[in-house]
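Going down the list, the protein sequences come from chains A and B.
Its first residue numbered 1, the first sequence is counted upward by one per residue in the working numbering.
Its first residue numbered 1, the second sequence is counted upward by one per residue in the working numbering.
Bear in mind the hints are in silico, worked out from the structure with no lab data behind them.
Don't take each hint at face value.
If several chains are the same, the list does not tell them apart, and a pair holds so long as it fits within one copy or across any two.
Unchecked claim - Straight-line C-alpha distance at most 27 Å; calculated BS3-like pairs for lysine-lysine:
{"#": "1", "residue 1": "Lys194", "residue 2": "Lys101"}
{"#": "2", "residue 1": "Lys221", "residue 2": "Lys359"}
{"#": "3", "residue 1": "Lys101", "residue 2": "Lys233"}
{"#": "4", "residue 1": "Lys221", "residue 2": "Lys101"}
{"#": "5", "residue 1": "Lys233", "residue 2": "Lys359"}
{"#": "6", "residue 1": "Lys142", "residue 2": "Lys101"}
Next come the chains, spelled out residue by residue.
There are 2 protein chains.
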Amino acid sequence: MSLIVHKYGGTSVGTIERIEAVADRVSAAQRAGNDIVVVVSAMSGETNRLLGLASELSERPSSREMDVLLSTGEQVTIALLSMALHKRGIPAVSMTGSQVKIETDSAFSKARIERIDADNIRSELAQGRVVVVAGFQGVDPKGNITTLGRGGSDTTAVALAAALSADECQIYTDVDGVYTTDPRVCEGARRLDKITFEEMLELASQGSKVLQIRSVEFAGKYNVPLRVLSSFKDGPGTLITLDQEEDMEKPIVSGIAFTRDEAKLVVRGVPDQPGVAANVLVPISEANIEVDVIVQNQGINNTTDFSFTVARRDMEAAIDVLNGVVERLGAAGVESDDRIAKVSIVGVGMRSHAGVAAKMFSALAADNINIQLITTSEIKTCVVIDERYMELAVRALHSAFELSGSKHSV
Amino acid sequence: MSLIVHKYGGTSVGTIERIEAVADRVSAAQRAGNDIVVVVSAMSGETNRLLGLASELSERPSSREMDVLLSTGEQVTIALLSMALHKRGIPAVSMTGSQVKIETDSAFSKARIERIDADNIRSELAQGRVVVVAGFQGVDPKGNITTLGRGGSDTTAVALAAALSADECQIYTDVDGVYTTDPRVCEGARRLDKITFEEMLELASQGSKVLQIRSVEFAGKYNVPLRVLSSFKDGPGTLITLDQEEDMEKPIVSGIAFTRDEAKLVVRGVPDQPGVAANVLVPISEANIEVDVIVQNQGINNTTDFSFTVARRDMEAAIDVLNGVVERLGAAGVESDDRIAKVSIVGVGMRSHAGVAAKMFSALAADNINIQLITTSEIKTCVVIDERYMELAVRALHSAFELSGSKHSV
């Protein structure tokens, strides 16, 4: 007998009909002899309805009261799903975050889980019940209702799986797994049977949106096997796991991520001396602008060029800050470009394979795609290019690394 | 400084606009120097929306899960009202039944309050906050969410007022007080400034629907001064209190209640011997039929007629039971009539005034209204008549006891 945590998002429980379908899936899993804990989100549309009520009342509603308000969304779903399970003859009991109890800090609307007391759940499971838990919510040490912020239901599911030492945490979504890249951009995109936490983190942070980063970090930290599956069709999905030893034939590259949400800034002719990076980035950080890619080249003639990317919406603010920096440092000037895209290849196999980056650059060169910036990490190589070539680059790389094949590329 | 509990029902918080109006009223009361606790219901329509979702899923949903579902209605309102108070610069904090905490038994959907720990509320009041409490809900000893059943928010308000030793519990409704009778039936109906708990109980149980009986019983038991007021217009409302000594000139009759929800049953020619009432009523009670008025006349020729009333919907079932009874007892037969009305005059002044019943019967006789049954209690006289004459009877009695006058009748 396995203990499995299921998680269904708002779209998967968006109507009574879909809640019935979820109940079918949960019933089958329980009848197959498993202990099941189900984590659910609010029915799609419900959170927006509640936000609408609040915004009619107040432009800046108290975040404590927003959490009281929004947490009702999941509470409705747990009650309805429990009823649907009862109708199928499955003993089931609902629990709010407070009933479980999922203890968080008091950072309303973006609380972090501090501790889960899983005894209540264990006792219900021991009595043969499916436990249906409200995602996205917890309770602080004073008994206030908190919410975990966007995507928080994934985190609830993973945290519960960790606390219960579950055999698997299954995240049911509207896609049937993690793909080598976005199928809308590259026809040959292929579902991965398996991927490591590290790869998933790089894919997620590089613009792939299947899972919330926080939940993947959490799963990795507590070694909770995580599986992404479709709520709407059967299939094995993608297993995300620490364990990469089983497959002798590891892929060099597992997937390709991309985003055009960023803008590039270049500070030209900065005096090349210790502290240059700090001189440029501290004022940026003080302006609450987050920086992603950072590149500093070897200087020439005692000056260097310093480049980085920020979210597109922050570009103008960053330029303002940098104009001050240029004056103070006696640099040559600032250039900016918001027509860029970032494309990354990700794979644990890169660690031990030389020539991966070279293969990437050759593939882009073959399509005449100019590379503006390059950064690398142990399991990722990332380039910044003109955004017009983003789709072309993704397809070229997908093909170069033979990701469309029925098995791994070599 | 007074401590006042306000209670607003679903209609009073049915839209954002109305929640704003409630916030205005609460702000004014707090700025006048009072400590305020506000109990609210779900926005009107919300409970039905939630019931609709449940009924799509299941014909007989689990009552535990219904309570989890329905309790979200009040939770939405407490968050929204707190936000509206913040907007007015009033410090406010919301609390669910579980957060207060309002401990109940585990009779889901019709739980009874067993204990209120008011420390959390007291501590918030001490910090100058308005406390906004979800009505209609509590928590059982195991931490399950419970609801108190219909009209439960009134009970929450009165129970909190008792636990906090509040100076007054103000129930805001869509009427501006308790009337001598229903103004839709009798134009001259007049708002009462004051009424006793006993009178209110008799009026409520006799068909006047301003307040839930349970909340009035509760208020009487713990001597919580209760005031019924309008959410929509200003005015003193009606104060319901133990204290009847202040007014030297007491009214004989405070109000007139009526209902046509009942049916009459008469068992003819029952052998007149000890145990006859039990012989008739025990089988009725065993069939889960509730009996209201019971009348047994002095027998003639060793037999008697035994009459009583039941809810109209139970009449057919009662006839079935009585046919068996007639056979067993050798009685003459059963008669039934569902075209009846019950009209009652209520007033604590009756205790010390003779001739009140006589005046009632004369007034009815003057309009040729035949009386079928009569029962009396210390502060009530009740008649059963043909339902066609109900409105006529109410107006005749209202006039006979001079209830339209600007002051009390004598």
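To see whether the hints hold, each was checked on the structure:
Within a single copy, Lys194 and Lys101 get their C-alpha atoms no closer than 32 Å, and across copies no closer than 48 Å, so neither meets the 27 Å cut-off. Within a single copy, Lys221 and Lys359 get their C-alpha atoms no closer than 32 Å, and across copies no closer than 85 Å, so neither meets the 27 Å cut-off. For the identical chains of this complex, Lys101 and Lys233 are neighbours neither inside a copy (32 Å) nor across copies (44 Å), given an alpha-carbon limit of 27 Å. Taking the closest pair of Cα atoms, Lys221 and Lys101 come within 27 Å of each other only inside a single copy of the chain (21 Å); across copies the shortest separation is 37 Å, beyond that limit.
In the homo-oligomer, the alpha carbons of Lys233 and Lys359 never lie at most 27 Å apart, since the shortest distance is 37 Å inside one protomer and 78 Å across protomers. Taking the closest pair of Cα atoms, Lys142 and Lys101 come within 27 Å of each other both inside a single copy (13 Å) and across two copies (13 Å).
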